[in-house]
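Participant: When you get a sec, could you build the whole thing from the sequences and use the hints?
Protein chains in written order, with the numbering used here: chain C, 3 to 320; chain Y, 1096 to 1339; chain G, 456 to 751.
Bear in mind the hints are in silico, worked out from the structure with no lab data behind them. Some clues are possibly wrong.
Heads up, incomplete: computed chain C residues facing chain G, CB under 10 Å, no partners named [said to hold, decoys possible]:
id, residue
1, Ala93
2, Ile119
3, Ala123
4, Thr133
5, Val244
6, Ile247
7, Pro279
8, Leu283
9, Val292
Source: prediction; values computed, not measured. We put the CB at the ideal spot given by N, CA and C, even for glycine.
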Amino acid sequence: MKVLMALLSSKQIAALTLFIVVTASVPVFGGTYAASILIIVLSFIALVSAWQIISGYAGYILLGSAAFYGLGMYMSALLTPILTLYGAIPASAAVCFAAALGLGVPFLRIKGPYFIIATLALGELIRNIVTFTETNYFRTLGRITIMYDLTTILYLLIINAVAVILAVYFIKNSKFGLGLMSIKNDEIAAESCGIPTTKYKLLAFGITAVFMGSTGAIMASRAGYIDPDIAFPAYISIYTLVMGIIGGLGNLIGGIVSAIILTLLFEIFLSMGNPYPFGILLGILLILSVLLRGKRVTLLRIFRMQKITVQKPLSPAK
Amino acid sequence: MTILRLNKIDKRFGGIKALKSVDFEVEEASIAGIVGPNGAGKTTLFNIVTGYYKPDGGYVIFDNKNITGLKPHQICKMGIARTYQIVRPFKDMRVFDNIMVGAKFGRPLDKRNPEKWAREVLEFTGLINRANEFARNLTFTELRRFEVARALACNPKILLLDEVLAGLNPAEVTVACEMIKKINKEFNITIVIIEHVLKGVWALAEKVMVLHHGEKIGEGKPEEVFKMKQVEEAYLGTRWEAVA
Amino acid sequence: MVIEAVGYTLTIGMRLIVAGIIIGSAYALGALGLTLIWGGARIINYAHGELVMIGAYVSFWLFTAFKVPPPLAIPFAAGVAAVIGLGLYLGTIGRLTRAPEEMESYGLILTFALMILLSNSVAWMFTSDIQVYRWMMVPIDFFAVSTLLNRLMIPIICLPVAGIVLALMNKTWFGRGISLVIDNDQVAGLVGVNVRNAYFGILTIGTITPAIAGLAWSFNYPFSPFIGIEHAILAFVVVILGGLGSPKGSIVGGLLIGIIETTLVYLISPGLRLAIAYSIFILVILLRPSGLFGRK
Ligand SMILES: Nc1ncnc2c1ncn2[C@@H]1O[C@H](COP(=O)(O)OP(=O)(O)O)[C@@H](O)[C@H]1O
Ligand SMILES: [Mg+2]
Chain C
3 MKVLMALLSS KQIAALTLFI VVTASVPVFG GTYAASILII VLSFIALVSA
53 WQIISGYAGY ILLGSAAFYG LGMYMSALLT PILTLYGAIP ASAAVCFAAA
103 LGLGVPFLRI KGPYFIIATL ALGELIRNIV TFTETNYFRT LGRITIMYDL
153 TTILYLLIIN AVAVILAVYF IKNSKFGLGL MSIKNDEIAA ESCGIPTTKY
203 KLLAFGITAV FMGSTGAIMA SRAGYIDPDI AFPAYISIYT LVMGIIGGLG
253 NLIGGIVSAI ILTLLFEIFL SMGNPYPFGI LLGILLILSV LLRGKRVTLL
303 RIFRMQKITV QKPLSPAK
Chain Y
1096 MTILRLNKID KRFGGIKALK SVDFEVEEAS IAGIVGPNGA GKTTLFNIVT
1146 GYYKPDGGYV IFDNKNITGL KPHQICKMGI ARTYQIVRPF KDMRVFDNIM
1196 VGAKFGRPLD KRNPEKWARE VLEFTGLINR ANEFARNLTF TELRRFEVAR
1246 ALACNPKILL LDEVLAGLNP AEVTVACEMI KKINKEFNIT IVIIEHVLKG
1296 VWALAEKVMV LHHGEKIGEG KPEEVFKMKQ VEEAYLGTRW EAVA
Chain G
456 MVIEAVGYTL TIGMRLIVAG IIIGSAYALG ALGLTLIWGG ARIINYAHGE
506 LVMIGAYVSF WLFTAFKVPP PLAIPFAAGV AAVIGLGLYL GTIGRLTRAP
556 EEMESYGLIL TFALMILLSN SVAWMFTSDI QVYRWMMVPI DFFAVSTLLN
606 RLMIPIICLP VAGIVLALMN KTWFGRGISL VIDNDQVAGL VGVNVRNAYF
656 GILTIGTITP AIAGLAWSFN YPFSPFIGIE HAILAFVVVI LGGLGSPKGS
706 IVGGLLIGII ETTLVYLISP GLRLAIAYSI FILVILLRPS GLFGRK
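Facilitator: Listed below in structure tokens is the structure:
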């Protein structure tokens, strides 16, 4: 606590406390329905904030959040019976970290737009492989998970979200963060200024995966039942990226705000029994954010588009 | 004492031999030049020294250590910094943060404070009043100085400059040359400078190597090299450019 | 014994190749559009798969509502796609400066937006249910391979359309302008090509061909509003294999991927069809990012 006090300004501590108090009191005043929506909001806050590390800071636009989210879910489904959820969360996160390091070695050598598509393919690939293994070797489509009650899940997600937010904030202001931002700007120059780019990218990818995995792990105990389509939905990958882009690449608060607004909007549409207009709205928002960039439109002020620099394919050093 | 020694460096790209058995030695605290027409292999040589390419043959000795095959960031940490012919600023970062990258990640600064060092470098290169500007907003000439500044911030023992004078007007060239000499004298940093015409390094280098089609065709003091027949032939047609 | 075994392998091989070409011709035509937009306008069209999906739905709707046979639905599918192409043109090139950096990042966001927009619009109109309809589903023998006539209709529709596009690119003045722009838009501008018109052409052709491929796909395989991703990823493989901006490369790449995919699926397991396709894609990106025929 003392360390935190030293590292954060009093304003930031106040904001964080407010966040915790408000979210934690939702089940008390808002009831189950509000709590169940808050759960989704909190998981997207965690996902998009974790996404900022590898995409917002290091510039590798990840379109495969579902891969780690789903891996976390499945690990939690397997491990919760043995370790309880409290043991399963760190264990799943650790598995995701290891998976990210392993996958990162080949994947983080892929540059720019290729990386985006490759990670999209990665999420889909894992979903297909899990489906195949489950149906052919375990003769099952899905798995029952041990459920925890709503309040427990909610508190775990609050802790999870605060942990990611703090982690991302500290990374941003650290030497590591400076290294990541240099990598985003120019990987070759970064390397020649003494930044161990491969190690940094892997570490960033790993940390992103840890928090996506922990989020998935908690959500597994909320779901009660998981199958590959629930664990690895493409929309998780897509929405996380969209929230990150609309909120601003590398903009922690922007990402959180857009996660809150977009998830609430989505839930409103869902409660009316038709989620598709939300997708259309999202598309229109994205288009507007490009067309109106730089203009001071009030609604879009929060939803400000930041310039996204896609890394160019590695060219020979000149 | 020799601080950098290239021994029989070979480099092929597919069919082209970019470097053919090139030997080169650089004395500590000296200024050395590498000249040669476009495509001679000068930049490739820097890329090999800094670890971007592995040579197909030969090795690089720096500070009595064989650094062939080390990663670029390791080589930077050992004390070799470079600039790029086509500048590579971290465009969306402030100039100050750009320089801080060198100060924090380059060769360790011992007990010096990185921020103080970064400011010192900016003052030395005359960019201090641009410290809070985004690097993308620098002018062409400023970017040239900026490249040198960031490399200098890495606290190198040896600084490799790739055509930093190209495209500058005569007045700017004079200023830049003064700056390079000062880096050499005041910071006691060895310098290797690439230029594609001999004139560029005339006033700076104590020793020059001429590359042509990947081969070393001459080496010595600038005025000696200028008189060599094979050098003249290599520049045939561009000779006037070389002299003028 | 041996002869029988060889004969058996040959028949299997033949079957796989025919099946591969059949499905590959749809990949080829679809990828033709992607490669034009990618190589020509420097925009990676993330909505590519949605165009395939839209083509499928246009055909499906005209067939079920008005009994229009799919080949006659081609102009409608093309028309809808062209409108989307126009939108893309107005949203990107018509709006943005042509700095490659801008095109790349804003093109990315716009096509991404289009992807979400289109799949959700179709899901709204037609629900997100998986759809199937039958047309020309009669058994037929073709080169000693028994197949279905509707399968055969895929190459019968796709290959001529691809041929027309290629001819358009090579034989007409406008098409050659497009090729020049793909090579180097600045030079193209200097030699008098109307670069803006060429971009418009690129985006229109680039959106029409995947829609027609989707139309040919629709009376063969089930589809839903959210099949876009798999078609997009497949097209990305083809384009990268064939080399960015190379129309011929995408045709060869498409057929090749069709054959490789059917063969691997036969050897491994049909349940892993998509997993195999995605693995090929990831391997290609890792090992040969400049394509089979590309300069390294
Ligand atoms: N990454 C590379 N791939 C292929 N060829 C290269 C590469 N880098 C340099 N070359 C070739 O090597 C030769 C030397 O290039 P370079 O070192 O850049 O010349 P200089 O800096 O002297 O103008 C040229 O023919 C160039 O085309
Ligand atoms: Mg050069």
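Participant: Would you mind marking each hint as holding or not holding in the structure?
Facilitator: Verification of the hints:
1. Look at Ala93 of chain C: its Cβ only gets to about 26 Å from chain G, farther than 10 Å, so that hint breaks.
2. The criterion of a C-beta within 10 Å of any C-beta in chain G is met by Ile119 of chain C, whose closest approach is roughly 5 Å, and the hint holds.
3. Satisfaction of the interface hint for Ala123 of chain C is found here, the shortest Cβ-Cβ separation to chain G being roughly 4 Å, below the 10 Å cut-off.
4. Annotation: interface hint on Thr133 of chain C holds; nearest CB of chain G at approximately 8 Å, less than 10 Å.
5. Proximity of Val244 of chain C to chain G holds as hinted, the smallest CB-CB distance being about 7 Å (cut-off 10 Å).
6. Given hint, Ile247 of chain C at the interface with chain G, holds; its Cβ is 6 Å from that chain's nearest Cβ, closer than 10 Å.
7. With a cut of 10 Å, the hint placing Pro279 of chain C at the interface with chain G holds, because the nearest CB-to-CB distance is about 7 Å.
8. Checking Leu283 of chain C against chain G: minimum C-beta separation of about 9 Å stays under 10 Å; hint holds.
9. Among the interface hints, the one on Val292 of chain C holds; its C-beta lies about 5 Å from the nearest C-beta in chain G, closer than the 10 Å criterion.
Violated hints amount to a single one, hint 1; each of the other numbered hints is respected by the structure.
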